[in-house]
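Trainee: Chains as they are written, first to last, in the working numbering: chain A, 35 to 356; chain B, 35 to 356; chain C, 35 to 356; chain D, 35 to 356; chain E, 35 to 356; chain F, 35 to 356.
Some hints could be false.
To be verified - Okay, derived cross-link-like pairs now, DSS-like style, lysine-lysine, Cα gap no bigger than 30 Å in a straight line: (1) 119/D - 68/B; (2) 57/A - 62/C; (3) 62/B - 78/D; (4) 119/A - 99/C; (5) 78/D - 356/C; (6) 274/F - 275/A; (7) 170/B - 275/C.
If you're looking for bench data, these hints aren't it; they were derived computationally from the structure.
What you are looking at is a predicted structure, and each value in this text was computed from that prediction instead of being measured.
There are 6 protein chains.
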Amino acid sequence: MNKEYYVNTLQVGEELTDFFMVKSPSIKVGANHKTYFDITLCDKTGEINGKKWDVDEVEGQNLSKLKDGDLVKIKASVSEWNGIKQLRVARIRKADASADSLEMADYIKAAPEDPGVMFDFLWDKAQDISDEGLRKVCTDALEENKEKLSYYPGAMRNHHAEYAGLLYHMKRMLDMGIRACEVYTNLDRDWVICGVIMHDMEKLNEIDSNELGISSGYTVKGNLLGHIVLGTIRMEERAKKAGLSEEKTVMLQHMILAHHYEPEFGSPVRPMFPEAELLHYLDMLDAKMFDFEAALEGVDGGHFSERIRTLDNRMIYKPTFK
Amino acid sequence: MNKEYYVNTLQVGEELTDFFMVKSPSIKVGANHKTYFDITLCDKTGEINGKKWDVDEVEGQNLSKLKDGDLVKIKASVSEWNGIKQLRVARIRKADASADSLEMADYIKAAPEDPGVMFDFLWDKAQDISDEGLRKVCTDALEENKEKLSYYPGAMRNHHAEYAGLLYHMKRMLDMGIRACEVYTNLDRDWVICGVIMHDMEKLNEIDSNELGISSGYTVKGNLLGHIVLGTIRMEERAKKAGLSEEKTVMLQHMILAHHYEPEFGSPVRPMFPEAELLHYLDMLDAKMFDFEAALEGVDGGHFSERIRTLDNRMIYKPTFK
Amino acid sequence: MNKEYYVNTLQVGEELTDFFMVKSPSIKVGANHKTYFDITLCDKTGEINGKKWDVDEVEGQNLSKLKDGDLVKIKASVSEWNGIKQLRVARIRKADASADSLEMADYIKAAPEDPGVMFDFLWDKAQDISDEGLRKVCTDALEENKEKLSYYPGAMRNHHAEYAGLLYHMKRMLDMGIRACEVYTNLDRDWVICGVIMHDMEKLNEIDSNELGISSGYTVKGNLLGHIVLGTIRMEERAKKAGLSEEKTVMLQHMILAHHYEPEFGSPVRPMFPEAELLHYLDMLDAKMFDFEAALEGVDGGHFSERIRTLDNRMIYKPTFK
Amino acid sequence: MNKEYYVNTLQVGEELTDFFMVKSPSIKVGANHKTYFDITLCDKTGEINGKKWDVDEVEGQNLSKLKDGDLVKIKASVSEWNGIKQLRVARIRKADASADSLEMADYIKAAPEDPGVMFDFLWDKAQDISDEGLRKVCTDALEENKEKLSYYPGAMRNHHAEYAGLLYHMKRMLDMGIRACEVYTNLDRDWVICGVIMHDMEKLNEIDSNELGISSGYTVKGNLLGHIVLGTIRMEERAKKAGLSEEKTVMLQHMILAHHYEPEFGSPVRPMFPEAELLHYLDMLDAKMFDFEAALEGVDGGHFSERIRTLDNRMIYKPTFK
Amino acid sequence: MNKEYYVNTLQVGEELTDFFMVKSPSIKVGANHKTYFDITLCDKTGEINGKKWDVDEVEGQNLSKLKDGDLVKIKASVSEWNGIKQLRVARIRKADASADSLEMADYIKAAPEDPGVMFDFLWDKAQDISDEGLRKVCTDALEENKEKLSYYPGAMRNHHAEYAGLLYHMKRMLDMGIRACEVYTNLDRDWVICGVIMHDMEKLNEIDSNELGISSGYTVKGNLLGHIVLGTIRMEERAKKAGLSEEKTVMLQHMILAHHYEPEFGSPVRPMFPEAELLHYLDMLDAKMFDFEAALEGVDGGHFSERIRTLDNRMIYKPTFK
Amino acid sequence: MNKEYYVNTLQVGEELTDFFMVKSPSIKVGANHKTYFDITLCDKTGEINGKKWDVDEVEGQNLSKLKDGDLVKIKASVSEWNGIKQLRVARIRKADASADSLEMADYIKAAPEDPGVMFDFLWDKAQDISDEGLRKVCTDALEENKEKLSYYPGAMRNHHAEYAGLLYHMKRMLDMGIRACEVYTNLDRDWVICGVIMHDMEKLNEIDSNELGISSGYTVKGNLLGHIVLGTIRMEERAKKAGLSEEKTVMLQHMILAHHYEPEFGSPVRPMFPEAELLHYLDMLDAKMFDFEAALEGVDGGHFSERIRTLDNRMIYKPTFK
């Protein structure tokens, strides 16, 4: 069944019946001693808070079975509280993706390209690496993580926090990195490809994510060490398996370690060879381009977006002529 | 005549007779009350200090006619003072590029591509702009500055401080910018091209340079306002002439104003639309790639360069396998 | 009619009937599905939120015609919500300044001196400038902007965000600047006067303000370039018209450009001659004196004000003996 | 006898016989095993290094009696070493100010106003304070320190490091502070006068200075506590003696403590009432005006000064029309 | 009577009758025009907001007599508002510690060691100082402040903000400081002991605290000068009384002044002798150990605490095996 | 043979014959075209530059065989150049430690405790660890590195740059760490011991050092990764061998990774459990105590040391009474 109402276009006063995905459902007791149901309702365009008031015991037991990622059908109206829209839910039931003929893609924010196609792009470029050791490091890592890459987000929040967002980030960086080698001909293409593919691979172990690409937080080792150092540690074993020399191993570890450039963003060293430097700029540029595009969604020509925290609190401008 | 000895390969103890370019010549009186001649001798590979001791009055009058950019023929030997090489000059005479059949290119550090070819590249891309106003802004500015661009350095020191260095900087940024539009398809190619061509144009009025691309300092308005603000001011008149709307004028001024990104590097605002953001990264990347390449000149495999001030004091590594 | 109740002296529990100015009126739907009217009520002493509950359709249509800057008569009582006072509005009607014999000055925060008198002060000092070009720059700019200066605020918020606040800021800075020339006799009075008059002139194009001196935000070019750079650009044309030499033009542009001193506050260069340096300190001192005075309004002797954001989060002390 | 040659106008090659003041005299042994005499020669315009070569034992014993602040007559010629001028001394003898009819004022850098006149200015203003306690604090402190104030420098180096420099600093700040009270009429003139007079008084115990206003360094307590905290401690006793209330005592201590404003410049708290805030700006402005004037000494019109460390490394511009 | 319900273990939905301590009681009028009673209820484990709705005039008059630090008996139920627990109070009456047989220790957060024992520890170590003057400074100060030390908190909030918290801080620092002298044998034990005992003594005059160790804010001189400078001023008189030399006086003042190390944390100078340096680290370490212990209270094994503001926003980890 | 002259007590003019250790020997050609020998001469108290002038070809060939760490016997006199002492060498010959009966300990700066005794201290404490895995990690690492630890410096320069300096650093930190566990009883002693022993172990692979504890620089992997990350990587394998759980492995890696605390000093994460926090403070305190002691060597009572770069440029004070 086609979804009709999307979160980012709901109007105050509107009445609606439609499907949404569930986030953070919880039974609460109000100041008036009555039980109500508090829930966040999501689709690919965003999320909105909902309340179902006056929940009795039987209904409460049913509702308490709903969990993150479930789909529900609701009947509700759009109200406003302190300038923020809210859904006043009249009826709610658990839905079933297949029985209700729902497209999962309508309910989760996802990268705009197909995971399979993106993975193949990376795979082809990895095969293209002429240094045997570097090639093996990349193809081993891609093979090992093929499934997780197909859905992992690139972050818990901020840029690329979406289904297959990590893969999308890697793909566009690689696309750009290969072009950079055409302009800056002193760069070694092998190292650029390998650096891009490996630089964020341990995000797969830093972030906890379900198969919808929705992250519930960081792992313990994600918190205690971070993906940059996890990737540096892990490279020791990968490089050994691929038969890399100590120098090349250390250089790959350095690329991972230095790619955030600034100590306060997690890089204890700064790039010390050109391909490591490029890697940093590819990473930055891709994050920024993603954030600018996201910031301008829904902004009218001649106006500015809200202030965007990840863009140093800037407001982004959309010209009238676009 | 072919030059035989180059500054970057001189050995202590070597005796030589060859041509060099003059910088900062000056007659001085030593602690022993005798007159000597102090000079910096340059070629395309670098520069070295020279001293001619015991200069008598007649010779002194001749030497005092030498000025920056002259070519001289010297007979000298290489000594060392506090670990720094120096030329002990025995004989020196003014040379003449044509009479002595000298190639100017041997004596000045120059961009590795031909100025004419680089200019044509910019011109072609400017012609390619579909917005009539933006196109006229670019072609007018290129036409007006064609001659100065053919030799102007990109900086007084640091990256692109070389003959035609500014043009080389613009050319590589543009080459990269156009490729970025292929990956980030939301970008407007017209604005990227125009932004790259115009962003540093007022360096031509900020820096004083002779026709060899050697800068002797900043102009008064270079110091009081800087090329970023000069470019923003100048755009007012250029845009009016090209018939741009106020919005487009302000946007172009914003691109110039924001391209250094950080307030402490001269940008009072940060980029507020995607093409302005890209412009900053193209600028950074080109400067960094230039500096890395320069840093590694003459470094042996398996070793690090000196600490490079413009690269946040990093030492750059050259692998053994290159 | 004389206003009786002022915002800054309302007491919880008080019942009142009086006039106020309207800000941000809006019809909203509550969690209980009922319509209510949300409004900010202002006078020269401050502002307070008001709610009129249970608005029916007819009344809603009337209320929806109210707009920013209108005057209304209300009957209301003062309640408290989370420690913040609120007006519970029982009746509300649009008022008419002349029919109701209201003094606009009771309803808007305004500079404590008469705009006409302040303008004349600036005008006299401008006439006093001995350099013909500088004098013409000032008198032209004052003439051109005489009307807007009579009501423009000096800022959107913070210091001098009030009716004729910009003029008040210019007037007191100039008063102080002229005295500084008596103490620091190496200063050139012409440049001090001209710098003060011109330094913030483009706030008139950076900020959007109605004729009550109430700002609704920044203009597009205010956001993309800022008043400092707008003033620098605009000076190019003003100086040309006044026949200034290039040197003097660039110096005036420098004064405007440098007057915030710190790059992170919008000045890409720092002052490079004494009058430019003084201008910065006059600006700072006037802003600080304004903020201190405002901070201490309503503070009792022996106590501290709240923390003031614009004063680096300081609490300001009022001695017991004052 | 009138001095003819001044340090700031010596030319390389010049021969001269004239008087100078001695600084850091020392007998040294060169690499050639011979003894020479190393000395800094000063007058009110600056200082220059001098060497007397080949000093024999007898002369050495004489020279070793010279000490800081002595006057000498020398015969010497001006040479240059590494671009820095130096005096090659042929003859040197101790001079006697009265026998040689020398004006001490020619030999030391001094404030441009008479110490007695400046002191009287401060004294008059102190008498003018209407609060009895504050008045007594000021007059007591001025009386106690009258003699030291007549010659103490305002700093070891940087602004006001000159004979009677501290007094000059106090005098001009006070002159400006009183005028500020005319513009900012909410300020309490008593506190402004008292704050200015007392704010730097403990520099007299922080800095070691001889009676020529030449400082040889900081005292132990100057290093361990600094003049700001010394002044705050000392005020405890002064205030008690003047019968000030605890509140007024603490407020005066706060003014002293906060007058540098920034923690990293020695103020652990920031100003918390308007007079304390003004005091900071009076202090800054006076230091800056002093430094700008000093920076422009000897700079030609249309040129910039060297970079000035105390002015955030700025170059200062002197216009062509001055 | 034994307390049964503690704040940190209350469950939503629970009904309870128990004693709590009162904080910030206040009568308020709601949006519905009805009067309610707003109160914070505390015990040694934390605090929780409570509301008693629909308070009539008679009850209101009774409730308005409750003040900070009173004990009350309440009947209430636990509800939740925006994820924060709240007590809905049905009945409330003032209690009496002795009549109701209450242990004050149940109601206030207190240091885990007995104040008397801790004081004796400090006293013994002070008696142990071999330098007579330093010993007298310490014993005088301890004697003078014995009573206040027995209950004063170490801070208004953050580390050691609890009954006898200041004493606990001094005691553990001293315990550690004495051990440090065993390892770093160049340290002078006398100065370490004296520095620890005196460094925070003026917190007793910076902070306002009642005898339960609950602080209501800073004193006027606490705000205007801070405990570091207050301690430095006060030492002048203490040292004089103890017959210390000027050098030792200044050194003690320096230890107090420098103990926060960073200017932005209130130290205008940094430590300049080893015992002053150690004092800083003892202070830091004790604060950090306190905060880590507090952060981990109630955290389950294998989980992280919330982000802790005083620990640079870190989340603290509790291992599974503890 | 007993050494008589030590570097830190040489006087200008003194003639001496004694043994020194060689550093950076080099044959150079002067401005006068003559060959001379330039050398640094060291003993345990410091180092001094020496020159032997007029070296002929035969002698030059002999001298060119000297290398870092050789011992030489010289005849020389002490001169001074620009305020810096220098040895003018008349005769020089290679010495032989055994033939000349020299004590190596006279020639190298060394930790004040015996390496064997210090190692045993660490070994005993490691044996004391009750957690089997942690114990094995420590004892394995100590066994593996026993020899290198006996001479390795703790740094290239700065604190603990001396023979067995690393071991001395570990030993004193451990001594202090164990005492800290007595005061802060919530700390787990096992983790403190293990953290101290392992935190800097990879300095053995970051720094290049000969067996005299003299470092010639960083290794390639020292530069590209640093000892903190090297230690974190290496722990992966050590922990596996010792059978540690993943959690404990990650915690140990975190301790190493976080021990510099500040990102700009190389720690990409900050400590997240109490033992990791303590480790940082033990490290800081030991470095500071070392630097303070070194700074005060040779300073007279009542005076300050030079400014010490590693102590934030502080001058350190030595009291008169010590």
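Trainee: Now tell me, hint by hint, if it's right for this structure.
Mentor: Structure-based check of each hint:
no.: 1; hint: 119/D - 68/B; verdict: holds, 15 Å
no.: 2; hint: 57/A - 62/C; verdict: holds, 27 Å
no.: 3; hint: 62/B - 78/D; verdict: holds, 27 Å
no.: 4; hint: 119/A - 99/C; verdict: holds, 23 Å
no.: 5; hint: 78/D - 356/C; verdict: violated, 48 Å
no.: 6; hint: 274/F - 275/A; verdict: holds, 17 Å
no.: 7; hint: 170/B - 275/C; verdict: holds, 26 Å
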